[in-house]
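FYI, the numbering for the sequence shown is 2 to 388, going by my numbering.
Bear in mind the hints are in silico, worked out from the structure with no lab data behind them. Predicted, not measured: the structure shown is a model, and the values here were computed from it. Each residue gets a CB set at the ideal place from its N, CA and C atoms; glycine is no exception. Hints are supplied without guarantee of correctness; some may be wrong.
What the hints assert, rightly or not - Using C-beta positions, here's what the derived DEER-type ranges look like: (1) H364 - F249: 23 to 29 Å; (2) L77 - K132: 16 to 22 Å; (3) A387 - R145: 49 to 55 Å; (4) R126 - E62: 26 to 32 Å; (5) R135 - N107: 16 to 22 Å; (6) K116 - D165: 50 to 56 Å; (7) G46 - N107: 30 to 36 Å; (8) D220 - T374: 25 to 31 Å; (9) L77 - E163: 45 to 51 Å; (10) E163 - K116: 54 to 60 Å; (11) P339 - K148: 25 to 31 Å; (12) V35 - R65: 44 to 50 Å; (13) R126 - D80: 22 to 28 Å.
As the list claims (entries may be wrong) - Keeping only pairs whose Cα atoms sit at most 25 Å apart, straight-line, the calculated DMTMM-like set for lysine to aspartate or glutamate is: (14) K279 - E246; (15) K279 - E239; (16) K216 - E155.
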Amino acid sequence: MRLTMQTQASPAPSARHTAELRVLLIDDNLADRVHLSWLLRRGLGKQTEILEAEDGASALELLRRERVDLILVDYLLPDMNGLDVLDRLRELPGETATIFLTGQGNEKIAAEAIKRGALDYCVKRDLAWEKLQRAVSQSLSAARMRKHDARMVEQLRSTHLELDHFVRALSHDMSANFMLLDDSFRQLRRSYDPPPATGEFTDFSHVEACLRESKRFVDDLVTLARTGKIQMEPQRVELGELIEEVLFEQAGLLDERGVRVLLALPMPAVYCNPGRVKQVFVNLIRNAVRHGCDDERPEIDIAVIEPPAAEHRSRVWFRIHDNGPGIPEKSHDEIFLPGKRLPAAHQQGTGMGLAIVRKIIEHYGGSIFVDATCQHGAAFIFSLPAA
Numbered sequence: 002m003r004l005t006m007q008t009q010a011s012p013a014p015s016a017r018h019t020a021e022l023r024v025l026l027i028d029d030n031l032a033d034r035v036h037l038s039w040l041l042r043r044g045l046g047k048q049t050e051i052l053e054a055e056d057g058a059s060a061l062e063l064l065r066r067e068r069v070d071l072i073l074v075d076y077l078l079p080d081m082n083g084l085d086v087l088d089r090l091r092e093l094p095g096e097t098a099t100i101f102l103t104g105q106g107n108e109k110i111a112a113e114a115i116k117r118g119a120l121d122y123c124v125k126r127d128l129a130w131e132k133l134q135r136a137v138s139q140s141l142s143a144a145r146m147r148k149h150d151a152r153m154v155e156q157l158r159s160t161h162l163e164l165d166h167f168v169r170a171l172s173h174d175m176s177a178n179f180m181l182l183d184d185s186f187r188q189l190r191r192s193y194d195p196p197p198a199t200g201e202f203t204d205f206s207h208v209e210a211c212l213r214e215s216k217r218f219v220d221d222l223v224t225l226a227r228t229g230k231i232q233m234e235p236q237r238v239e240l241g242e243l244i245e246e247v248l249f250e251q252a253g254l255l256d257e258r259g260v261r262v263l264l265a266l267p268m269p270a271v272y273c274n275p276g277r278v279k280q281v282f283v284n285l286i287r288n289a290v291r292h293g294c295d296d297e298r299p300e301i302d303i304a305v306i307e308p309p310a311a312e313h314r315s316r317v318w319f320r321i322h323d324n325g326p327g328i329p330e331k332s333h334d335e336i337f338l339p340g341k342r343l344p345a346a347h348q349q350g351t352g353m354g355l356a357i358v359r360k361i362i363e364h365y366g367g368s369i370f371v372d373a374t375c376q377h378g379a380a381f382i383f384s385l386p387a388a
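Work the whole structure out from these sequences, hints included.
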């Protein structure tokens, strides 16, 4: 093994730990190594620690034991060429800045070196400090970015695994709790004696509707835990029936606030996933009830409108308008950001409703925005594909 460590004057054992930068030169030409060492120390400072290896095997063995910040590897080596060294370097852990060296310029070899992991390429015959400095600076910066990206990828992978475990556990527990709740409700209804009056029967129906919707949410969560996906497959959806179902399920909230809903029937059919479209209307209606309606005479208007002039007739455009205080123009875009809520919002919430709505609508090629021409209250305009 031909391996040397070049120092200035037998440094103390602690010198290695105080070095600002550790550089490995892989080159069998002594004169070239001396010249490169001189250039590096001249530009990087006397504390730069320079290690030397005369062949690829010695360099790789050293790299398995030592931490190195920068590698300069020559193309021609006694036991292998520099491209082979680059291939072997990729098998080692970590990201080390690597500069590829040749005695004569060769663009084909340079391109291959970059392809195999080198961050820069230099020709030794005309190498001055200015060129080497630029290559060293860029290579070290690129290596730091690679290390940062690798850490981020690992963190994301770890977070994904934790989230996957959490979703699986949560879906299991929610499924078990829902089955218990559903069974308890059915037993309660069967034991109701005498039979429920008309008003009480409606209350039972509302509870059943909410249970069905909750069951759908649990099923979505279970599907997400098993497959990593939410059901988005489109089909023909009769919007008139779907919106009336939403209004029936939200009747408790609407009655509590005394909200009058104007629904312009008939409604067209759209081509989307029914569960996802239902989320759109539930979120927009609940958002209008909780934050948008007038306190004295609350009202929501749901209607189909003419598409903008430039839009194709293959999409259906909707307008959900409330008669509340409206939304400041400066907030028309930011309210669709996850977690963003207006300071004047009356009710507590997560700020995710409108973000979810936009995500669903955009998945089906549509768009949603706040009607800037609305003079009273707030109006949301959005499009969905026609069936």
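To see whether the hints hold, each was checked on the structure:
1. H364 - F249: 23 to 29 Å: holds, 26 Å
2. L77 - K132: 16 to 22 Å: holds, 20 Å
3. A387 - R145: 49 to 55 Å: Since the Cβ atoms of A387 and R145 sit about 52 Å apart, the hinted range of 49 to 55 Å holds.
4. R126 - E62: 26 to 32 Å: holds, 29 Å
5. R135 - N107: 16 to 22 Å: holds, 20 Å
6. K116 - D165: 50 to 56 Å: At roughly 35 Å between Cβ atoms, D165 and K116 fall outside 50 to 56 Å, so the hint is violated.
7. G46 - N107: 30 to 36 Å: Cβ of G46 to Cβ of N107: about 32 Å, so the range 30 to 36 Å holds.
8. D220 - T374: 25 to 31 Å: violated, 40 Å
9. L77 - E163: 45 to 51 Å: About 49 Å separates the Cβ atoms of L77 and E163, which means 45 to 51 Å holds.
10. E163 - K116: 54 to 60 Å: Distance hint for E163, K116 is violated at roughly 36 Å.
11. P339 - K148: 25 to 31 Å: holds, 29 Å
12. V35 - R65: 44 to 50 Å: This hint is violated: roughly 26 Å between Cβ atoms.
13. R126 - D80: 22 to 28 Å: Since the Cβ atoms of R126 and D80 sit about 23 Å apart, the hinted range of 22 to 28 Å holds.
14. K279 - E246: holds, 9 Å
15. K279 - E239: holds, 11 Å
16. K216 - E155: Violated, because 35 Å separates the two Cα atoms, which is more than 25 Å.
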